[in-house]
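Asks: Sequence:
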Amino acid sequence: MACRGSGVRVPSAPPSTKAQGPFPAPFAFLDPIWAIKRALAMSDTVKSRRASMSWMASSSSRVRSRLLALALSFTFLTTGVAAINVVSAQADTVITGVDVSRWDHSPTSAYPAGTPIDWIKVKAAGRSFAIIKASERTNYRNPYFASDYTQAKAAGLVVGAYHFARPALPISTARDQARYFISTVQKVGSFRDQKTFPAVLDLETTGGLSKTDLIAWTQQFLNTAQALTGRKPILYSYDYFIRSSLGNTKQFSSYPFWYARYTTTVPTSSTIPGGWSQWTLWQYSSTTTTNGIIGAGDVNRFNGTTAALLAFADGRKSGYGPPSIPLNPVATPSVGSAQLSWTIPNDDGGVPVNRYRVSIDSGPEVITPTTSFAAVGLAPGVHTYSIAAENLAGVGLPATGSFTIAPYDVSTLPAPVIPTVAVFNPATNAGSAVNVVQVKVTRPGTQQAIRNAKVTVNITPELGSPRVPQVVYTDAEGIAAVRFKSQVDARITAATTSGAWYSAVTKSSSVRIRPTIKADLSAAVIRRGTSARLTGSTSTLLAGERVYRQTYSGGRWVTRAYRIVSATGTYSFKVTVPTAGRRVYRVVLPSTSHHLRVVSRTRTLIIR
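According to my numbering, the sequence shown is numbered sequentially starting from 13.
Keep in mind the hints are simulated off the structure, nothing from the lab.
Take the hints with a grain of salt, since some may be wrong.
[What the hints assert, rightly or not] In silico PhoX-like links for lysine-lysine, alpha-carbon gap of 20 Å or less:
#1 Lys329 <-> Lys207
#2 Lys207 <-> Lys262
#3 Lys244 <-> Lys135
#4 Lys133 <-> Lys165
#5 Lys165 <-> Lys207
#6 Lys497 <-> Lys530
#7 Lys135 <-> Lys199
#8 Lys133 <-> Lys207
#9 Lys244 <-> Lys262
#10 Lys199 <-> Lys223
#11 Lys165 <-> Lys199
#12 Lys135 <-> Lys165
#13 Lys530 <-> Lys586
#14 Lys165 <-> Lys329
[Unchecked claim] Label-pair distances were calculated between CB atoms; the ranges are:
#15 Gly287 <-> Ser515: 31 to 41 Å
#16 Thr224 <-> Asn358: 22 to 32 Å
#17 Lys262 <-> Ala137: 30 to 40 Å
We put the beta carbon where it would ideally sit given N, CA and C, even for glycine.
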């Protein structure tokens, strides 16, 4: 797609320290000063409310001291740690796919009009779906759409089609473009087939329309597409466009969202614009190579499992909405904690439920993927809960209830949970200036997120200087991002400290990095028999390594020469072609013990 990212990074919200009543908010992060003040308030409040109770009357000073000690040792109170995982844009279970247009059919000497995509190879490369540009305005059809769509489907991929929006006045042009788009696709296939995505609107230009008119135009297109296909369309756009051109409206949050954001940071509910709680598709790179397609291009991730992908792409179903209320909620109180459990809703809304949002005492929501939740660090008294099921279409109505925590001596609290720490390689884009590791903190058993957890992360590249340690805090999904610059593999260490509900743990692992690599031709057109230079650069840390020049010939990439990276990180190839035509080149930096393999953008040379 034409979008090349917003360039706007929206950090997770900082930890809240707002006091909410005499006891700490169920999911509030406790900094030491705030914790001390709240612990004192807890002691005084409990004494005043429970003065007649022997456990307080006999040991108020001991409880006060214990609370102070707990406050100093707490990092997060209400959920014990299960695991600290560094999550990835391309973990083993991630479902990825490509989107293509005519520009992904680069001309070569064998195919001067454009090289076909080998969809069998795309499937074999591990891609699960393909979305192909079908149309633009009411006068352009992608000349490769029919062949790409049918061949991708024949290869076993889930397929989809998108229309590049050209908003204009009057608003009725949206209806015209939607009809043109749907008719284009229906000449090739049906939106009601299995393994077929709903219609996609690619919205990334305003056409000069005001926010109000652009919102109306978009709604008209989506309404028309849904009426013609019987399915709720997907909306594609990027962060800055939604926040600026659409005024961050929440009007489209009920539609499946295809989020273009070129980063290895997995978008979370705290960073997604436009009122969406989840993304359905995430276009995280425009510079990733896929076997079967010439050159680097767009790669996307589906938010779910293979089974969820097939359910979402089942055109025989028309339902797309939030799930109903979770059933049979039960709260089992214990010492300073309660175990919640429930069963799945009767109606999933047409899209599988993939997680639940739980809130204690109307506090911030915490996400859990299972039908159980442990609420800990609770004061004596009555507490309320709210449990809502969520799918890609949104969050359903909550099941609510209450439970009572009996008075207890803090010395009887259960032993801290022993956390596990696993560090996984992040996905890194070729040419990415910033690398990202995401830390996910969850509780054992329930796998629930731990919100506002504090984690210290140390990053040590294998070559060069160590980075300054970073302290990060997790969001409602238990995720926090750590950004760093490195051109070589790095050692990542995530550490927690001991507290009342968890034990201290440190775990290290290596993270593989794709360095940046550049390649440019000194001329785009030369006469036969003359020469041009293919020059480029990479990190100076890679001086002495080999880079290879490749030419696309006979349907495959052929290595023609190599150079040694100089002390300044540069290299240069002389290119001489005796015959007229087109040549497509790229530069490859092979994988070593210090970094992953990386490929430059392709460069086309015309010889006259």
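Asks: If a hint holds in the structure, say so; if it does not, say that too.
Replies: Taking the hints in turn, this is what the structure says about them:
1. Using a Cα cut-off of 20 Å, the hinted pair Lys329 and Lys207 holds, with the two alpha carbons roughly 11 Å apart.
2. For the given pair, Lys207 sits about 29 Å from Lys262 by alpha-carbon distance, which is inconsistent with the 20 Å threshold.
3. The straight-line distance between the Cα atoms of Lys244 and Lys135 is roughly 27 Å, outside the 20 Å bound, and the hint therefore fails.
4. Annotation: proposed proximity of Lys133 to Lys165 holds, straight-line Cα distance about 13 Å (limit 20 Å).
5. A C-alpha spacing of about 8 Å is found between Lys165 and Lys207, which places the hinted pair at or below 20 Å, so the restraint holds.
6. At roughly 17 Å between alpha-carbon atoms, Lys497 and Lys530 fall within 20 Å of each other, so this suggested pair holds.
7. Under the criterion of a C-alpha separation no larger than 20 Å, the hint pairing Lys135 with Lys199 is inconsistent with the structure, at around 24 Å.
8. Distance check on the hinted pair: Lys133 and Lys207 sit about 19 Å apart at the alpha-carbon level, within 20 Å; holds.
9. Restraint check for Lys244 and Lys262: satisfied, since their Cα atoms lie roughly 16 Å apart, inside the 20 Å limit.
10. With a C-alpha separation of about 34 Å, the suggested pair Lys199 and Lys223 falls outside the 20 Å cut-off, and the hint is violated.
11. With a CA separation close to 15 Å, the supplied pair Lys165 and Lys199 stays within the 20 Å bound.
12. Between Lys135 and Lys165, the direct Cα distance comes to roughly 10 Å. Compliance with the 20 Å bound is thereby established for this hinted pair.
13. Between the alpha carbons of Lys530 and Lys586 the distance comes to roughly 16 Å, so the proposed pair stays at or under 20 Å and holds.
14. A C-alpha spacing of about 19 Å is found between Lys165 and Lys329, which places the hinted pair at or below 20 Å, so the restraint holds.
15. For the pair Gly287 and Ser515, the beta carbons lie near 39 Å from each other, so the given range of 31 to 41 Å is met.
16. For the pair Thr224 and Asn358, the beta carbons lie near 40 Å from each other, so the given range of 22 to 32 Å is not met.
17. For Lys262 and Ala137, the hinted distance range of 30 to 40 Å is satisfied, since their beta carbons lie about 37 Å from each other.
Taken one by one, the earlier hints fail for this structure at numbers 2, 3, 7, 10 and 16, listed in ascending order.
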